[in-house]
Amino acid sequence: MLIKMVPSLLTVGNLVLGMVALVLALQGFTADAALLVVIGMVLDGMDGRVARWLRAESAFGKELDSLSDIVTFGVAPALIMYEVVLQNEGWPGLVLATLFPVCGALRLARFNVQTKSTHYFVGLPITAAGGILSTMALYKNVLYPSDVILPLGMLILALLMISQVRYPNFKKVAFPRSAIVMVPLLAILVCAVFRYQHSAVNRLIFIPLAVYALYGVGRMIRRRGGKFEEAPRDAKLFKETK
Numbered sequence: 003m004l005i006k007m008v009p010s011l012l013t014v015g016n017l018v019l020g021m022v023a024l025v026l027a028l029q030g031f032t033a034d035a036a037l038l039v040v041i042g043m044v045l046d047g048m049d050g051r052v053a054r055w056l057r058a059e060s061a062f063g064k065e066l067d068s069l070s071d072i073v074t075f076g077v078a079p080a081l082i083m084y085e086v087v088l089q090n091e092g093w094p095g096l097v098l099a100t101l102f103p104v105c106g107a108l109r110l111a112r113f114n115v116q117t118k119s120t121h122y123f124v125g126l127p128i129t130a131a132g133g134i135l136s137t138m139a140l141y142k143n144v145l146y147p148s149d150v151i152l153p154l155g156m157l158i159l160a161l162l163m164i165s166q167v168r169y170p171n172f173k174k175v176a177f178p179r180s181a182i183v184m185v186p187l188l189a190i191l192v193c194a195v196f197r198y199q200h201s202a203v204n205r206l207i208f209i210p211l212a213v214y215a216l217y218g219v220g221r222m223i224r225r226r227g228g229k230f231e232e233a234p235r236d237a238k239l240f241k242e243t244k
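Start counting the sequence shown at 3; every next residue gets the next number (my numbering).
Derived by calculation from the structure, the hints in this document are not laboratory data. Worth double-checking, as some hints may not be accurate.
[To be verified] Under the rule of at most 20 Å between Cα atoms (straight-line distance), these lysine to any residue pairs were calculated in the SDA-like manner:
hint, residue 1, residue 2
1, K142, L152
2, K64, H121
3, K142, L96
4, K118, P170
5, K64, E85
6, K6, L96
These figures come from a predicted structure and were not determined experimentally.
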């Protein structure tokens, strides 16, 4: 019976990481806070799969997961960005820092009321958005002008979360149940790598996450462009058959 609690423990671990990330961000340790958000992404990716492997899925677990996500991937990344670049922007910076977790909460609420399971997400998942935002903040000294690019990127991520843009749902990718024995080893390995190389790893993780966000937008543009091309062709065909 206790083994059925493992998915919830992973989710609670994600929540704890989010809370510690908040404290670290408030103390100015934004790189360490971003590290905890990234590790939280690993736990968030494991809890659902472990629940399916153990046949321990429940409404309780789903709600707990959402509450944890809003802290770790909504509030914590927003506070990291606020500490890095927004705190000197007055009330506009405060509004933007508040907007991000609000959009994340709306995204989670929409996901929780969906009754049909699909192979895609509608809107950028808060996990990806929070991971992008927290690691993007580490590029402050690389991007110029960072006081424009970083807030603009934050606004775009917030809007993508509540958009109708579709993103692949990698949580539906199946793994054998025997792989559950690898979960503790994976967690230890991830923590060890991040502990000693977290600055470089955090920056590297930003790249595939950003590609994921851009993929959804690019795919939507291609689909809409295809519809516009088909419309004149259909109209011409209609005239010829008339």
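Status of the hints after comparison with the structure:
{"no.": "1", "hint": "K142 with L152", "in the structure": "holds (8 Å)"}
{"no.": "2", "hint": "K64 with H121", "in the structure": "holds (18 Å)"}
{"no.": "3", "hint": "K142 with L96", "in the structure": "holds (18 Å)"}
{"no.": "4", "hint": "K118 with P170", "in the structure": "holds (15 Å)"}
{"no.": "5", "hint": "K64 with E85", "in the structure": "violated (31 Å)"}
{"no.": "6", "hint": "K6 with L96", "in the structure": "violated (41 Å)"}
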